[in-house]
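From just these sequences and the hints, can you work out the full model?
Protein chains: 2
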Amino acid sequence: MKFKRTERIGATVKILSDNPNKVFTLSYFTNKFNSAKSTISEDLLVVKNVFEKLELGKVITIPGAAGGVKYIPKTSKTENEEFLLKLCEKINDSSRVLSGGFLYLVDIIYDPSIASNIGKIMASNIDYSEADYVVTMETKGIPMALMTAKAMNLPLVIIRKDIKVSEGPTLSTTYVSGDNTKVKSMSLPRKAIKENSKVIIVDDFMRGGGTIKGMMDLMNEFSAEVIGVGVFISTTNPNEKMVDNYISLMELDEDNKVRPNLKTFKDEYKNF
Amino acid sequence: MKFKRTERIGATVKILSDNPNKVFTLSYFTNKFNSAKSTISEDLLVVKNVFEKLELGKVITIPGAAGGVKYIPKTSKTENEEFLLKLCEKINDSSRVLSGGFLYLVDIIYDPSIASNIGKIMASNIDYSEADYVVTMETKGIPMALMTAKAMNLPLVIIRKDIKVSEGPTLSTTYVSGDNTKVKSMSLPRKAIKENSKVIIVDDFMRGGGTIKGMMDLMNEFSAEVIGVGVFISTTNPNEKMVDNYISLMELDEDNKVRPNLKTFKDEYKNF
Numbered sequence: 000m001k002f003k004r005t006e007r008i009g010a011t012v013k014i015l016s017d018n019p020n021k022v023f024t025l026s027y028f029t030n031k032f033n034s035a036k037s038t039i040s041e042d043l044l045v046v047k048n049v050f051e052k053l054e055l056g057k058v059i060t061i062p063g064a065a066g067g068v069k070y071i072p073k074t075s076k077t078e079n080e081e082f083l084l085k086l087c088e089k090i091n092d093s094s095r096v097l098s099g100g101f102l103y104l105v106d107i108i109y110d111p112s113i114a115s116n117i118g119k120i121m122a123s124n125i126d127y128s129e130a131d132y133v134v135t136m137e138t139k140g141i142p143m144a145l146m147t148a149k150a151m152n153l154p155l156v157i158i159r160k161d162i163k164v165s166e167g168p169t170l171s172t173t174y175v176s177g178d179n180t181k182v183k184s185m186s187l188p189r190k191a192i193k194e195n196s197k198v199i200i201v202d203d204f205m206r207g208g209g210t211i212k213g214m215m216d217l218m219n220e221f222s223a224e225v226i227g228v229g230v231f232i233s234t235t236n237p238n239e240k241m242v243d244n245y246i247s248l249m250e251l252d253e254d255n256k257v258r259p260n261l262k263t264f265k266d267e268y269k270n271f
Numbered sequence: 000m001k002f003k004r005t006e007r008i009g010a011t012v013k014i015l016s017d018n019p020n021k022v023f024t025l026s027y028f029t030n031k032f033n034s035a036k037s038t039i040s041e042d043l044l045v046v047k048n049v050f051e052k053l054e055l056g057k058v059i060t061i062p063g064a065a066g067g068v069k070y071i072p073k074t075s076k077t078e079n080e081e082f083l084l085k086l087c088e089k090i091n092d093s094s095r096v097l098s099g100g101f102l103y104l105v106d107i108i109y110d111p112s113i114a115s116n117i118g119k120i121m122a123s124n125i126d127y128s129e130a131d132y133v134v135t136m137e138t139k140g141i142p143m144a145l146m147t148a149k150a151m152n153l154p155l156v157i158i159r160k161d162i163k164v165s166e167g168p169t170l171s172t173t174y175v176s177g178d179n180t181k182v183k184s185m186s187l188p189r190k191a192i193k194e195n196s197k198v199i200i201v202d203d204f205m206r207g208g209g210t211i212k213g214m215m216d217l218m219n220e221f222s223a224e225v226i227g228v229g230v231f232i233s234t235t236n237p238n239e240k241m242v243d244n245y246i247s248l249m250e251l252d253e254d255n256k257v258r259p260n261l262k263t264f265k266d267e268y269k270n271f
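These protein sequence lines map, in sequence, to chains A and B. Each residue of the first sequence is one higher than the one before, counting from 0 in numbering that gives the first Met the number 0. Each residue of the second sequence is one higher than the one before, counting from 0 in numbering that gives the first Met the number 0.
Be aware that one or more of the hints could be misleading.
The list treats identical chains as interchangeable, and a pair is accepted whether it falls inside one copy or across any two copies.
[Claimed, not checked] 25 Å max Cα-Cα, derived DMTMM-like pairs, lysine to aspartate or glutamate: (1) Lys21 <-> Asp252; (2) Lys212 <-> Asp161; (3) Lys3 <-> Asp17; (4) Lys193 <-> Glu51; (5) Lys160 <-> Asp106; (6) Lys190 <-> Glu88.
If you're looking for bench data, these hints aren't it; they were derived computationally from the structure.
Spelled out as structure tokens, the structure:
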């Protein structure tokens with residue numbers, strides 16, 4: 000089958016965009032489109048330009064024998080701000096405040112397109128160039144953690160609250176969550192993480208940081224290093240968290256209002 | 000800013016592909032690319048052609064005032080077969096059989112790109128044209144259910160195992176799972192599903208069908224109709240399930256071996 004230039008470019012964009020951070024060799028495209036290397040190289044220049052001009056992320060060339068091209072998702076600061084401001088407006092709707100002062104958020108954080116945007120923003124502002132896994136704890140953080148892992152092209156690991164006999168030998172720890180009075184447990188199968196791995200932790204909410212501290216301790220048991228932490232919403236109170244280095248996309252104040260945490264968003268690309 | 004034809008086409012593919020089943024008006028593109036309607040219409044013809052020629056799904060035009068174009072993801076039968084055969088080979092590796100005869104699968108079903116493919120296959124073989132939600136139960140089915148919801152452009156609803164006081168008024172039911180001896184409970188906040196909705200249920204595993212039957216009963220309590228059920232793996236034993244109409248992508252036999260369930264995959268597009 001023969002392809003026109005416009006068709007090759009359209010298809011190349013689709014392939015790269017569906018597979019963030021995955022390296023495709025030149026031969027992959029020459030075979031797929033039955034075209035010469037020079038033709039494909041020209042196509043790729045156009046594709047790079049499309050992504051840059053529309054601020055859709057970056058397409059980079061990796062030289063050498065194992066080389067090729069890959070697409071790195073990157074959201075712009077303006078885009079992040081617009082998206083989060085709109086989201087804050089939705090979250091700050093008074094009908095969302097439940098008795099007990101809780102905020103009803105699951106329809107928002109389970110929404111596939113919102114989760115997907117959150118994932119891209121996490122991937123744009125956390126350095127994952129050396130990471131081996133994205134780690135989260137069930138349940139509410141899973142959608143955004145999965146989309147973060149997709150953008151970073153990393154496997155996702157989900158820590159469970161109970162011990163699952165059906166997952167083989169399992170490591171468990173206890174941690175103190177919420178108001179610092181409840182002791183809970185978390186567990187992960189031995190097979191889930193290779194020794195000496197580097198991981199990124201993603202979660203939906205952080206108050207004191209006890210849950211994330213627990214996840215970090217568990218990672219320690221796996222001889223894994225936590226090299227980045229991203230949370231969707233952190234609270235302004237307490238100001239002191241049990242975790243030092245993290246980014247949060249939004250802050251929740253004591254009046255139950257959220258606002259974008261704009262200092263989180265960086266201008267430069269971190270991940271290449 | 001002005002765009003060349005190849006750039007417009009690349010960008011249009013990216014936008015449609017990132018937003019399955021979302022309608023974009025012609026004006027959206029004329030504004031974005033600062034181009035005439037006739038130019039955009041020509042671009043869209045090329046884009047349609049790209050998707051069809053490479054079997055990446057279908058781009059369709061919706062006529063009328065609320066009209067525009069949308070992209071419907073659709074995997075081909077050949078592609079499904081190849082993907083599932085490769086996956087079966089991985090799953091049938093003897094190192095995956097744990098004591099107790101359980102299969103270690105979480106690294107596979109949490110993998111973002113595998114979950115994404117499963118989602119597209121579900122969306123290609125379940126009629127969701129009238130659906131309002133994708134529903135799953137925590138935890139292992141969440142990644143594939145989220146990706147299914149993304150492909151279908153529907154909100155995701157996650158049924159919890161415990162009652163969460165932080166989600167407001169909640170409906171709970173009990174169900175019988177696994178070997179038909181354990182009684183468990185599941186719950187969902189009242190706010191999660193509007194009355195008279197139509198839902199698609201997605202889950203990772205079905206033996207007797209007790210869990211899915213429980214989810215169907217819970218949907219009944221919400222006055223919601225279940226119009227489709229998709230599971231990743233169903234077991235050959237028992238042959239009789241508590242659920243009648245479902246599709247499963249793979250079958251697990253009594254020797255703990257999986258194989259693609261090829262009768263599931265249809266040729267025609269269902270969802271337009």
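To see whether the hints hold, each was checked on the structure:
no. : hint              : result
1   : Lys21 <-> Asp252  : neither (39 Å within a copy, 34 Å between copies)
2   : Lys212 <-> Asp161 : both (18 Å within a copy, 24 Å between copies)
3   : Lys3 <-> Asp17    : both (21 Å within a copy, 23 Å between copies)
4   : Lys193 <-> Glu51  : neither (36 Å within a copy, 41 Å between copies)
5   : Lys160 <-> Asp106 : both (22 Å within a copy, 17 Å between copies)
6   : Lys190 <-> Glu88  : between (42 Å within a copy, 19 Å between copies)
The structure fails hints 1 and 4 (numbered hints given earlier, in ascending order).
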